[in-house]
Amino acid sequence: MPRLTFREERCKGCGLCRHFCPKGVIEMAGHINGMGFHPATAADMEKCAGCATCASMCPDLAIEVEKEEKRIG
Amino acid sequence: MPRLTFREERCKGCGLCRHFCPKGVIEMAGHINGMGFHPATAADMEKCAGCATCASMCPDLAIEVEKEEKRIG
Amino acid sequence: MAKVLMKGNEAIGEGAVRAGCRYFFGYPITPQNELPHYLAKRLPEVGGLYLQAESEVASINMVFGASGAGARVMTSSSGPGISLMQEGISYLAGANLPCVIVNMVRGGPGLGNIAPAQSDYFQATKGGGHGDYRLLVLAPSSVQEIIDLTKDAFDLSDKYRNPVMLLADGLLGQMMEPVELGEEEPATPPEKPWAATGRMGRDKKNLISSLHIVPEKCEAHNLEMGRKYAAISASEQRWEDYRTEDAELVLVAYGTTARICKAVVDMFRGRGRPVGLLRPITLWPFPGGRISALADAAKYFLAVEMSMGQMVEDVRLAVNGKRPVYFYGRTGGMIPLAGDVYREAEKILAGGEDEQ
Amino acid sequence: MAKVLMKGNEAIGEGAVRAGCRYFFGYPITPQNELPHYLAKRLPEVGGLYLQAESEVASINMVFGASGAGARVMTSSSGPGISLMQEGISYLAGANLPCVIVNMVRGGPGLGNIAPAQSDYFQATKGGGHGDYRLLVLAPSSVQEIIDLTKDAFDLSDKYRNPVMLLADGLLGQMMEPVELGEEEPATPPEKPWAATGRMGRDKKNLISSLHIVPEKCEAHNLEMGRKYAAISASEQRWEDYRTEDAELVLVAYGTTARICKAVVDMFRGRGRPVGLLRPITLWPFPGGRISALADAAKYFLAVEMSMGQMVEDVRLAVNGKRPVYFYGRTGGMIPLAGDVYREAEKILAGGEDEQ
Amino acid sequence: MKDMPFHYCPGCTHGIVHRLVAEAIDELDIFGRSVAVGPVGCSVFCYDYFDCDAYQAAHGRAPAVATGVKRVLPDRVVFTYQGDGDLAAIGTGEIVHAAARGENFTVIFVNNAIYAMTGGQMAPTTLLGQVTTTTPYGRSREINGCPVKMSEMLSALDGTAYVARVSAHSPANVAKAKKAVKKAFEIQMRGLGFTMVEVLSTCPTNWGLSPLKALQWLEENMIPHYPLGEYKNPAEVV
Amino acid sequence: MKDMPFHYCPGCTHGIVHRLVAEAIDELDIFGRSVAVGPVGCSVFCYDYFDCDAYQAAHGRAPAVATGVKRVLPDRVVFTYQGDGDLAAIGTGEIVHAAARGENFTVIFVNNAIYAMTGGQMAPTTLLGQVTTTTPYGRSREINGCPVKMSEMLSALDGTAYVARVSAHSPANVAKAKKAVKKAFEIQMRGLGFTMVEVLSTCPTNWGLSPLKALQWLEENMIPHYPLGEYKNPAEVV
Amino acid sequence: MFEAVLIAGFGGQGVLSTGQLLAHAGMTEGMNVSWIPSYGPEMRGGTANCGVTISTRPISSPLVSEPTVLIAMNRPSLEKFENSVVAGGIIFVNSSLTGIRAGRGDVRAFYVPANEMAEELGSVKVANNIILGAMIELTGVVSPGAVEKSLKEVLPPHHHKMIPLNLKALDAGAGLVRNRGALSAGGGLNWPDRGAVSQRNGVGI
Amino acid sequence: MFEAVLIAGFGGQGVLSTGQLLAHAGMTEGMNVSWIPSYGPEMRGGTANCGVTISTRPISSPLVSEPTVLIAMNRPSLEKFENSVVAGGIIFVNSSLTGIRAGRGDVRAFYVPANEMAEELGSVKVANNIILGAMIELTGVVSPGAVEKSLKEVLPPHHHKMIPLNLKALDAGAGLVRNRGALSAGGGLNWPDRGAVSQRNGVGI
Ligand SMILES: Cc1ncc(C[n+]2csc(CCOP(=O)(O)OP(=O)(O)O)c2C)c(N)n1
Ligand SMILES: Cc1ncc(C[n+]2csc(CCOP(=O)(O)OP(=O)(O)O)c2C)c(N)n1
Ligand code: SF4
Ligand code: SF4
Ligand code: SF4
Ligand code: SF4
Ligand code: SF4
Ligand code: SF4
Ligand SMILES: [Mg+2]
Ligand SMILES: [Mg+2]
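Chains as they are written, first to last, in the numbering used here: chain A, 619 to 691; chain B, 619 to 691; chain C, 10 to 365; chain D, 10 to 365; chain E, 10 to 247; chain F, 10 to 247; chain G, 337 to 541; chain H, 337 to 541.
None of these hints come from the bench; they were simulated from the model.
Where a beta carbon is used, it is the ideal one built from N, C-alpha and C, also for glycine.
Keep in mind that the hints are not guaranteed to be accurate.
[Unchecked claim] If the Cβ cut is set under 8 angstroms, some of the chain D residues that face chain E in the computed set are:
id: 1; residue: Gly29
id: 2; residue: Tyr32
id: 3; residue: Phe34
id: 4; residue: Leu60
id: 5; residue: Val72
id: 6; residue: Pro198
id: 7; residue: Pro199
id: 8; residue: Thr206
id: 9; residue: Gly210
id: 10; residue: Asp212
id: 11; residue: Asn215
id: 12; residue: Lys356
id: 13; residue: Ala359
Construct the complete structure from the given sequences, taking the supplied hints into account.
Below you can see the structure in the form of structure tokens.
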């Protein structure tokens with residue numbers, strides 16, 4: 619299974635990752651992070667295809683996707 | 619016959635009028651004008667066709683050609 | 010009339026409109042942006058034009074054209090943008106053109122920052138551009154005064170056919186205070202028979218130019234300008250005396266620092282100590298005569314600025330060695346606190362401070 | 010070594026090449042054009058680059074890049090072009106970048122003319138750009154001195170990491186005099202570990218910037234610059250005393266006017282009258298200490314300039330009321346004649362002149 | 010890329026463009042010889058994120074600064090990062106002439122149709138009808154003229170080697186943008202001349218839109234006026 | 010035209026261009042409402058010859074000055090007269106944005122491939138290989154890039170209404186130039202936007218050629234790089 | 337009467353407009369007022385603050401370097417400005433975003449879970465007005481009526497539909513004060529865990 | 337020894353380079369020298385002039401405001417500068433382009449039909465060197481040998497083929513002086529009508 623890491627302290631809750639994830643993996647958390655935003659989080663990691671679309675649209679380098687060796691962000 | 623007037627005091631002796639006159643009317647004078655140039659002059663007015671080519675190429679508004687009403691420069 | 014709560018930057022805009030200014034050419038820069046925002050809305054309402062230029066260089070040259078065409082016209086910027094305008098300002102002065110230029114000073118040098126500062130004093134008063142010219146420089150210290158001086162700026166500019174600079178700092182531009190706008194009276198700029206508007210049958214052509222290729226003529230032109238500057242110096246020096254009557258120590262400060270120094274004066278007076286404030290309102294012409302007069306009675310002067318020490322030179326020139334002149338400043342966007350100025354002043358009164 | 014007859018403008022070029030300057034970015038303007046013409050030929054001979062920029066604004070920013078990359082680099086212009094560079098100069102100073110900027114001053118303001126002048130003194134010495142910064146300003150008065158000071162300009166600039174301006178007038182630029190070039194020694198600019206050259210394995214990144222968004226940091230940066238300026242002021246003031254030993258009247262003049270004033274001093278001395286000349290070589294730091302010392306013995310000062318009176322302010326600040334300071338100037342491209350200065354000086358010695 | 014949070018607003022695509030540049034530098038393995046020249050604009054702090062040596066240039070003058078750097082250090086890989094106000098307004102002279110001279114560096118041009126940093130004023134690139142803080146009644150052709158197309162204009166110059174316009178509004182476009190950025194660097198490394206990648210970008214804050222709506226607005230409004238594609242390729246590459 | 014001798018060198022075609030402008034003003038009978046904005050360059054004194062009201066603008070800034078004038082006096086006929094150094098180098102930003110805004114005035118652009126007034130330095134328009142006082146070894150593409158084609162570049166902007174390149178090197182071309190100048194004024198009078206006529210011109214003095222040879226040099230060297238013709242016509246006119 | 341109020345928080349929390357509302361209300365009541373922001377580039381995420389001075393005498397310096405009242409809308413604001421408050425001054429803390437308590441003993445501090453209360457009212461945007469309501473109720477620096485009048489002037493017309501909600505928020509804040517009766521300095525108020533919205537009514541100010 | 341020489345004429349008459357030649361010759365002989373032009377925009381047609389100072393003592397002011405020698409290559413130059421010449425000074429007039437005489441009685445004036453003489457030698461361009469030759473022969477400010485040496489240095493290599501012609505011109509000028517013997521102030525010399533080139537040998541200096 620691909621590994622998805624959210625660097626919550628960098629996340630600004632813009633929601634772009636959630637929107638572009640083809641598998642509906644990502645949701646916004648209910649809590650607020652240090653910068654005052656609701657951070658993105660993997661709600662349903664099972665579904666993740668490791669396509670890294672989320673990371674490619676994240677403006678804040680807040681997502682790391684590892685799928686085998688590939689690593690973006 | 620067309621009337622050709624050289625305003626000698628404006629002429630800088632560049633010779634463009636002489637070069638472009640289709641009839642070979644114009645020559646440079648032997649004397650020097652107030653600005654230190656050999657001015658252009660009509661050497662053979664008989665030949666003048668009144669085409670005003672000379673005036674159209676004179677950079678110094680030094681030539682007036684009158685042919686009937688037409689007046690350039 | 011009811012008071013209105015206004016930002017300093019907006020007050021300049023409203024003041025300009027009421028002064029009959031109908032043309033603004035400018036380029037955005039913090040901390041003056043509320044001024045273009047205001048005018049972009051307001052000018053079209055009164056049939057005027059807000060035009061955003063591609064740069065400050067273009068702005069000031071558009072001002073050159075509009076002023077030459079006879080209009081009341083303004084531009085505005087801050088530090089870096091004002092530096093870019095220096096060639097154009099020199100041309101405007103050289104061509105005897107009226108206009109109003111706003112500098113909402115920020116921390117420098119270079120890109121610096123956007124916090125308030127007074128470190129463009131030299132540039133404004135001594136001529137940041139080339140050649141022997143002067144700008145009239147007005148330094149308001151409240152939003153109400155911004156409104157009033159903006160109007161005066163246009164009048165002075167037309168009267169003397171010289172650019173006028175309104176010099177404030179980012180804090181004054183951003184601050185809100187209640188202002189009394191008064192009745193809107195139609196502005197009456199003077200006739201401008203010299204304007205180059207197309208001859209439209211006029212006998213003689215008008216030419217707007219700063220070129221005097223023959224040195225004799227260029228010198229004559231400079232001497233003529235010099236006479237104008239002498240006349241301005243003689244009649245347009247403005248200042249506020251704040252409790253200077255019997256002051257032993259006279260603080261000298263303008264704009265935001267003058268506000269702070271007033272608080273300092275009040276603190277001293279509250280303790281019965283003779284401290285006053287001389288607030289220059291015109292930075293050029295500098296109210297040197299008044300300061301020189303104060304130097305007969307006062308014992309010490311303390312110039313307070315948001316800079317490394319610029320206006321203090323003019324204070325020294327005015328005092329001319331009669332009394333010691335001290336300096337206290339913060340810079341780079343830092344604002345002196347009343348308490349710090351107070352302590353500095355106390356040291357001087359205690360006689361323990363070297364002049365620097 | 011044999012002497013060579015050289016124009017002042019060419020001498021700057023040769024001086025720069027000998028100082029190890031290999032990059033020149035500039036835009037043509039009279040009266041400094043012989044300098045770019047010279048360097049356009051000469052720099053390629055020594056593996057250097059002459060690049061004509063699209064404007065003075067571009068020139069000074071190319072200088073910013075080349076200086077940041079560690080090169081000895083120069084630009085040159087006159088009045089209007091120097092005004093356009095003010096933003097860039099402020100950025101260079103703010104980023105602690107060394108470079109040499111030549112201003113061959115011409116008549117102003119505006120387009121003015123191309124005759125020699127000294128009316129950009131304020132702009133050069135007080136900061137024509139925004140913010141609290143200073144340029145070192147060197148004022149040669151002969152072609153030989155141009156060669157020597159050009160070399161010094163690069164050294165000082167690197168030593169203090171600050172832009173240096175070479176301020177002369179069109180006459181010095183156009184004039185020819187014999188010069189001794191000396192042996193061509195390889196220049197040894199200091200190491201520049203701060204230069205942003207690509208990290209190439211370096212541990213820490215280098216950044217060339219004048220931005221300090223936090224006011225506290227911007228102030229600290231300004232205070233640091235202030236300490237540098239204080240050090241320069243303390244150790245780099247330069248001047249020439251010409252027969253001031255026992256002078257009752259001290260003329261103060263730089264550049265071309267100093268040449269003329271020397272003739273005036275000689276005329277007076279020929280008649281046995283105690284007149285001398287103090288010639289500032291650094292305009293900033295201004296040799297105020299020396300003038301202040303002279304004011305203990307001398308009775309009068311007369312500042313002579315090709316301007317409406319700019320350096321005279323620094324003379325007054327230095328004399329600080331101890332003695333009267335008079336001014337004589339021609340402007341707009343006019344050059345004071347020795348005879349006229351002589352008459353002016355005589356009036357002062359006769360005591361019939363009001364200080365102005 | 011230094012590991013510090015960006016100062017950009019939520020959803021601002023400046024962050025995406027930063028990442029693309031960093032990835033190109035990494036993939037080409039040129040970090041050590043890269044030099045960044047930053048603008049004045051929202052990306053003024055980009056030097057904090059790119060961990061290579063860097064310059065903070067005056068507003069609009071990055072191409073002149075980069076010229077100075079590259080002429081002194083011709084074997085370094087130099088790039089500017091500039092906004093549309095910076096490049097297409099105040100910096101017009103510098104970009105046109107750097108391009109005309111064929112300066113051998115790369116320009117990353119982030120076009121968000123607005124002066125963002127200063128509070129959302131009209132830029133030369135602002136679309137007709139677009140409301141900004143200085144076009145409160147919408148940009149009008151009569152007063153302000155038409156939005157300027159820099160890629161088209163600069164392509165007309167003989168000195169430009171590579172000019173492309175890409176967009177950051179969707180994953181597919183981001184992938185294309187990445188290719189263009191990398192290609193520009195490669196062309197620079199081959200010494201073929203001036204390269205520029207214009208990236209259409211969003212400013213949710215000043216457009217007054219959510220990050221997502223901003224991407225849609227870009228797609229629907231900017232792309233029709235600013236067609237995507239490669240406008241110029243060097244002879245050596247085609 | 011005031012009756013005073015021009016200060017130009019013998020054979021300098023600035024004089025011809027002056028006459029064309031004066032004739033257009035006369036023929037359109039707009040003398041009274043004409044306003045000239047002069048440059049810095051050899052034609053800096055053009056205001057002395059055009060007898061209408063006039064401005065002497067800072068180097069390169071004539072389009073900005075003309076913008077100020079025309080916005081205040083929209084019913085006047087405003088034109089700038091600019092050299093190639095003035096317009097294509099230092100004034101790039103001003104000309105590009107005046108064109109982009111579609112400012113409704115006319116630009117007479119005299120391209121003589123050199124900075125003449127200051128002593129024959131390279132201009133952005135100087136041809137490759139051309140020797141000038143600042144390209145003593147000839148202009149090189151590597152160092153200075155290619156000569157800039159302003160008419161082509163400005164035509165790419167939506168704001169330009171009429172752009173033509175003509176030449177003053179022969180009677181037939183002067184006649185065409187005259188038509189273009191007049192047409193530009195007419196388009197301005199109809200309020201259709203920005204108009205520019207680029208006139209290829211000679212500088213015998215700085216080219217080091219006789220007046221006649223200079224005309225030939227223009228024809229043989231400049232025209233191949235700067236093709237003549239109308240580059241843009243307003244929709245209303247075509 | 338003299339109050340120098342410092343309002344600080346994240347950019348986007350509306351601290352600047354809250355200050356303007358307060359200043360306008362002061363003006364409406366015939367007082368001397370000034371409003372002065374710390375301003376920054378457009379980008380979000382930094383802290384913003386403004387100082388409002390309201391005084392019966394002319395205001396010499398508009399700077400609020402030693403506030404008599406601090407409203408800290410988030411944690412960094414409390415950390416940064418707590419020490420600048422004059423002895424005897426008052427601190428209002430938005431406990432929803434703070435997570436720490438004021439440390440000084442010579443000032444009175446009140447904790448308001450403003451975000452949670454605001455979300456309850458329907459929009460997190462009125463959090464600031466909840467604290468403002470509490471502040472004016474406690475200090476009496478301006479009257480609620482003046483604030484209500486000013487709302488109409490300060491809000492752009494297309495936001496006038498928000499006025500009822502804002503009034504509700506002001507009143508909710510005032511209610512906290514009214515309902516607590518006598519308030520003790522340092523207020524032995526507890527504050528909610530992050531997100532523990534359900535506790536909010538138990539805490540108040 | 338001290339001479340301040342002012343050379344003036346039309347732009348294009350070579351007055352600047354003539355001055356440079358003179359200054360260089362002075363330097364070659366170990367004197368202090370300075371050369372200073374009146375410079376202008378590139379356009380032709382105006383007047384140009386330069387001042388050369390040659391002195392055994394250091395030169396304080398390089399300005400030539402009161403020349404000891406004036407070389408007037410055309411009429412406007414004579415009109416403009418005649419009055420600036422020191423009493424007892426010398427004026428050389430290019431009579432080919434002047435048409436008037438100097439009016440002062442306290443200076444010596446010499447009239448040289450330089451253009452005609454130069455055309456005779458083969459090029460009007462050496463007119464200035466004819467007058468220069470006369471001047472140095474008369475004043476002895478520099479030696480002809482120094483001028484000859486300097487020509488090689490001052491002329492760019494591709495003009496070295498012009499050196500013989502220039503030397504001829506210098507010598508022709510000097511010859512005028514040598515052949516006239518004693519010269520009287522105001523020289524009772526007549527001067528040719530415009531274009532009356534044939535008279536030129538009869539007049540000389
Ligand atoms: C000379 C100068 N003028 C103006 C400014 C103010 N200024 C800073 S950023 C900016 C515009 C930024 O817009 P853009 O380049 O589009 O970048 P963005 O913020 O949109 O990314 C302006 C006008 C400045 N710093 N310097
Ligand atoms: C700001 C500024 N920079 C430089 C100059 C010097 N300058 C005067 S004219 C000129 C170039 C003129 O060339 P061009 O525009 O081609 O006109 P031309 O003389 O060839 O007709 C220059 C660089 C100036 N006056 N102002
Ligand atoms: S890697 Fe792909 S599937 Fe997994 S969360 Fe990201 S976008 Fe969704
Ligand atoms: S795209 Fe990045 S910043 Fe935006 S919500 Fe997702 S993880 Fe957070
Ligand atoms: S009018 Fe024609 S024919 Fe007559 S002189 Fe002129 S060019 Fe020759
Ligand atoms: S073209 Fe004109 S200036 Fe030239 S020679 Fe003929 S008349 Fe004279
Ligand atoms: S203001 Fe706009 S461009 Fe700037 S950081 Fe925010 S969203 Fe991005
Ligand atoms: S220098 Fe050239 S452009 Fe200027 S007037 Fe002379 S010939 Fe014409
Ligand atoms: Mg932008
Ligand atoms: Mg030209």
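_So, as I understand it, the hint says D/Tyr32 touches chain E; can you test that by seeing if any CB pair is closer than 8 angstroms?_
holds, 6 angstroms
*Against chain E, with CB atoms and a cut of 8 angstroms, does the hint on D/Pro199 hold up?*
violated, 16 angstroms
*How about D/Asn215: closest beta carbon in chain E under 8 angstroms, or not?*
Holds. Min distance 5 angstroms.
*Taking 8 angstroms as the limit, does the beta-carbon of D/Asp212 come near enough to a beta-carbon in chain E?*
violated, 12 angstroms
*Have a go at the D/Gly29 hint: is there a Cβ in chain E nearer than 8 angstroms to its own Cβ?*
At 13 angstroms from the nearest chain E Cβ, D/Gly29 fails the 8 angstroms test, so the hint is violated.
*Taking the least C-beta to C-beta distance, is D/Thr206 closer than 8 angstroms to chain E?*
Because about 6 angstroms separates D/Thr206 from the closest Cβ in chain E, which is inside the 8 angstroms limit, the hint holds.
*Holds or violated: is there a CB of chain E closer than 8 angstroms to the CB of D/Leu60?*
Hint on D/Leu60: holds, closest Cβ of chain E at ~6 angstroms, below 8 angstroms.
*Have a go at the D/Gly210 hint: is there a Cβ in chain E nearer than 8 angstroms to its own Cβ?*
holds, 6 angstroms
_Minimum beta-carbon distance criterion (8 angstroms), D/Phe34 to chain E_ = Because about 7 angstroms separates D/Phe34 from the closest Cβ in chain E, which is inside the 8 angstroms limit, the hint holds.
*Identify whether the interface hint at D/Val72 stands, where standing means a beta carbon of chain E within less than 8 angstroms of its own.*
Holds: closest Cβ of chain E sits about 6 angstroms from D/Val72, inside 8 angstroms.
_Can you verify the interface hint for D/Lys356: is its Cβ closer than 8 angstroms to any Cβ in chain E?_
violated, 49 angstroms
*Does the nearest C-beta of chain E fall within a distance shorter than 8 angstroms of the C-beta of D/Ala359?*
violated, 54 angstroms
In terms of the numbered hints stated before, the structure departs from hints 1, 6, 7, 10, 12, 13, listed from lowest to highest.
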